[in-house]
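Protein chains in written order, with my numbering: chain X, 8 to 133; chain L, 106 to 311; chain B, 4 to 163; chain A, 10 to 423.
Treat the hints loosely; a few may be bogus.
[Claimed, not checked] Keeping only pairs whose Cα atoms sit at most 27 Å apart, straight-line, the calculated DSS-like set for lysine-lysine is:
#1 B:K152 to X:K48
#2 A:K322 to L:K289
#3 X:K48 to B:K86
#4 X:K47 to B:K86
#5 A:K65 to A:K397
#6 A:K263 to A:K328
#7 A:K308 to L:K296
#8 A:K328 to A:K343
#9 A:K263 to A:K308
#10 A:K65 to A:K322
#11 A:K322 to L:K296
#12 X:K53 to B:K86
#13 A:K308 to A:K322
#14 B:K86 to X:K126
#15 A:K343 to L:K289
[To be verified] Have a look at the derived ranges for each label pair, beta carbon to beta carbon:
#16 B:S28 to X:W132: 49 to 59 Å
#17 L:K296 to A:P327: 21 to 31 Å
#18 B:G155 to X:I39: 43 to 53 Å
#19 X:V83 to B:S64: 17 to 27 Å
#20 A:Q59 to L:D240: 36 to 46 Å
#21 A:R301 to L:V183: 26 to 36 Å
#22 L:V188 to B:L146: 25 to 35 Å
Treat the hints as calculated values from the structure; they're not laboratory data. All values derive from a computational prediction rather than experimental measurement. Even glycine gets a Cβ: it sits at the ideal position worked out from N, Cα and C.
Listed below, chain by chain, are the residues.
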Amino acid sequence: MDFVYIFRSMSPYGPVAIYLAVAFLASLAFCILPGLVARKKPNPVKSQAYECGVEPTSDVSGRFPVRFYLVAMLFVVFDVEAASFYPWAVQMHQLRVFGLLEMLMFVVVLAIGYAYVWKRGGFQWR
Amino acid sequence: MPSSQAPPAGSTALDPTAVRPDIADARILRVTPAEVRATLSGLRDDGFTMLLDVGGADYPGREPARFDVVYHLLRMPVTIATVAEVGTPERVRVLCGVPENDPVVPTVSDLWPSADWAEREIFDLFGVRFDGHPDMRRIQMPDDWEGHPLRKDYPLRGVARERTPRPSFALKSNVGAGTPASGKTAAALQKQIAQARGQAKQEPPT
Amino acid sequence: MALGSGGDFLLTTVDSVARWAQASSVWPLTMGLACCAIEMMTATAPEYDIARLGSEVFRASPRQADLMIVSGRVARKMGPIVKRLYDQMADPKWVISMGACASSGGVFDNYAIVQGVDTIIPVDVYVPGCPPTPDGLLYAVNLIQQQIKQGGRGGILARA
Amino acid sequence: MTTATTPGARTETGGYAVDVVERSDNRMVLSMGPQHPSTHGVLQVITEIQGENITKASPEIGYLHTGIEKSAENLFWSQASTVIERMDYLSPLTNALCYYLAVEKLLGIDAQIPPRANHVRVLLSELSRIASHCVWLGTGGIDIGALTPFFYCFDLRERILDLFEASGGARMHPNYIRVGGLRDDLPDGFLGRLDAVIAMYEPRMRDLRGLLQKNPIFQDRTIDIGIISAEDAVAWSLTGPVLRASGIAYDVRKAFPYSGYDGYEFDVPVRTEGDAYARFLVRLDEMDESMRIIRQVRKKLDAPGPVQIPDTKFAPPPKETIALSMEALIHHFKLVSESFRVPPGDVYQAVEGPRGELGYYVVSNGDNRPWRVRTRPPSMYNLQVLKKLAIGELIADMVVMIGSLDPVFGEVDR
Chain X
8 MDFVYIFRSM SPYGPVAIYL AVAFLASLAF CILPGLVARK KPNPVKSQAY
58 ECGVEPTSDV SGRFPVRFYL VAMLFVVFDV EAASFYPWAV QMHQLRVFGL
108 LEMLMFVVVL AIGYAYVWKR GGFQWR
Chain L
106 MPSSQAPPAG STALDPTAVR PDIADARILR VTPAEVRATL SGLRDDGFTM
156 LLDVGGADYP GREPARFDVV YHLLRMPVTI ATVAEVGTPE RVRVLCGVPE
206 NDPVVPTVSD LWPSADWAER EIFDLFGVRF DGHPDMRRIQ MPDDWEGHPL
256 RKDYPLRGVA RERTPRPSFA LKSNVGAGTP ASGKTAAALQ KQIAQARGQA
306 KQEPPT
Chain B
4 MALGSGGDFL LTTVDSVARW AQASSVWPLT MGLACCAIEM MTATAPEYDI
54 ARLGSEVFRA SPRQADLMIV SGRVARKMGP IVKRLYDQMA DPKWVISMGA
104 CASSGGVFDN YAIVQGVDTI IPVDVYVPGC PPTPDGLLYA VNLIQQQIKQ
154 GGRGGILARA
Chain A
10 MTTATTPGAR TETGGYAVDV VERSDNRMVL SMGPQHPSTH GVLQVITEIQ
60 GENITKASPE IGYLHTGIEK SAENLFWSQA STVIERMDYL SPLTNALCYY
110 LAVEKLLGID AQIPPRANHV RVLLSELSRI ASHCVWLGTG GIDIGALTPF
160 FYCFDLRERI LDLFEASGGA RMHPNYIRVG GLRDDLPDGF LGRLDAVIAM
210 YEPRMRDLRG LLQKNPIFQD RTIDIGIISA EDAVAWSLTG PVLRASGIAY
260 DVRKAFPYSG YDGYEFDVPV RTEGDAYARF LVRLDEMDES MRIIRQVRKK
310 LDAPGPVQIP DTKFAPPPKE TIALSMEALI HHFKLVSESF RVPPGDVYQA
360 VEGPRGELGY YVVSNGDNRP WRVRTRPPSM YNLQVLKKLA IGELIADMVV
410 MIGSLDPVFG EVDR
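Sequences and hints are given; from them, build the entire structure.
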């Protein structure tokens, strides 16, 4: 059982690096391989934009209102916030009160930003 | 299924819309295109606030007016109303005869917005134009379609496929398709209705 | 799939693995036209449950669908649109013509209905009935799966 | 960039170019086209949108035009119900019933229909109303993201379709109603199965109401969406649940009772807000009222009786008498080969369908085929009000509005 030996000598973050590399390579393969292997059968209609079965009515290069980007930014901020709960939640018992307070501070700071955007009408679409 | 590509030959397309007084389902008014708007707005002010439907019909043999544009009206309260207040609303049927050479009728889509699509459909399927209509184009058929399908002289299976032969096994109806009942049969039918209605004597309409 | 001689490895051709994967997840395109569309929806409902065949994911866009179920009568105005949707689907793709109206115009032998969707697009499986019961549609999806597994279109080289 | 192509003209690749309107600021013309997951059928709404707000919406219909009225003019009187039943495929029996009531009025035999036939006709109408509202609730819920009601509703609908299959022979288009009554009597095991459906209905309805009625997400998405005032509803000639949700309690079963509807007591659910939530509540209450009628009809179905008028000039004689009596054989053959003749005249007969007042204007010129069968399509007029409702709303709300108007495109496009 000599495999264990190798892992002990690597830095504790070795498996994480391997895991990320494999994940990245696999997803890269899934994106690139179908393009290479699959047989291409182009036809003029297939290359046009799909719009519910009719001719595309307007070219998509028009300008987009800024609200779309605003909603996207807000989503990214609060999604990252939600994602950062996970590591804390895993170690919650070890961190005990200190972890809880730290997390509460983190939430409060973001809640202030949330309240500000809400009052300024960032969430109202009209 | 009887094969009837051409309209019923020689059918004296009598005007069936004025023959049956016994079916009292609505008050019937017969108007010409000139006075249709006046009649309808009069009826509307008189309380017939709902234009239920605008339908079309084609009577190829009929002389003064080949097409019929049929307006169904209903007396309806315009405010919040319970079942009792609605009660049994009165129905009116306005038949507007339209000649074949210039089938034009003034639109009523400004009186009732619901007439918009109904009139477009009559234009699409019958070819009766409604002048003053905001968007007079086809609604059911593709926009580059020729001909008006619901006319009696439009073949059932479309212009392109009219000449394709019907399957030989299609039953040839042994009755001259479309000749209306006449003579003894008509009398028998009327007697039958009279007997069905239990009225002792009913003079059969001519 | 032949079992390997070594016993602990399964030796099989890559193609049959691809065909097995394609056959067990034939994703239909949401294109409900008329009465047959209601029976298609009933096929996804708990009583008949098309999910057992792996086809319950009805993709809205033709780019992600590989089975087009023409469910209902195809009007003359809808014809070019059905053709366009078929063209915009990614290969390999299959077509089920569900019901008598899609297969042959059905009871509507008149000016408004395309007399059979196979005059517009190639059809793989015809389902009789007006509308066919959801069992008929499930059996049609089974036939499509058999076509894929027995070496028709599809597979790793995606011969169209 | 303005391209003033004629609307709907065919382009070289065979597609349909739509009228591209003047584009001043960053508005975009989008075709919520015939193939769309939440237009409840083949509806194309050409929307001019500014970001998510709709500034102009013009629904385009005709993508399911089947020429049903032209086909009906070329079929015998009793054959025409085959194509007419396929118009509103969520409640086919209501279409057939309305058409045959009109034909019976023309024939003058509308007073002679045996009571048991009328009871079964009322039973079938109310069952198809519940089945149609189930499809509406299932697909309407999916538009808003509620997937569970779809499975509950379609399971309830499945039980009702079993009843149609037992009585008429087919799940969706049973062709069970004929001139003068029904094709034949109810099968013997039918009443037991009907009791099972009646018993199962109450708990299922409680689950459905529990799922959606007080669900805050559902309420946020449907309250104050697509408000129609009573005056607008009449101007756009809306009927059915859409009109009753705006406050006017017009129900054809109460206003012009047919098939013995005045013999049952049920009330007409009405709300006054006129928004999508009000339409939702009206339809749910309507399903309860339909079940109330079904319970009353169930009691009357125990008494046996004829289901067909005895006059074999219109209704085919019972099969067993054909081999015995020469006259029955002649009548049967005459009916099958060239159908009966209807005396000339025109009639407008209305019925309360799940979507509103379904009317048939039938014209006959004494021939053995209808001269003209004009349908008053309730869902075409209910859908037309979308032009006015969608202005200024979000696209997501327009999807909810289309769902709440409950259009069926076999009936809109005929």
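Worksheet item: Which earlier hints turn out false for this structure, listed by number in ascending order?
Response: Checked against the structure, the hints that fail are numbers 6, 7, 10, 13, 14, 16, 18, 20 and 22, while the rest are satisfied.
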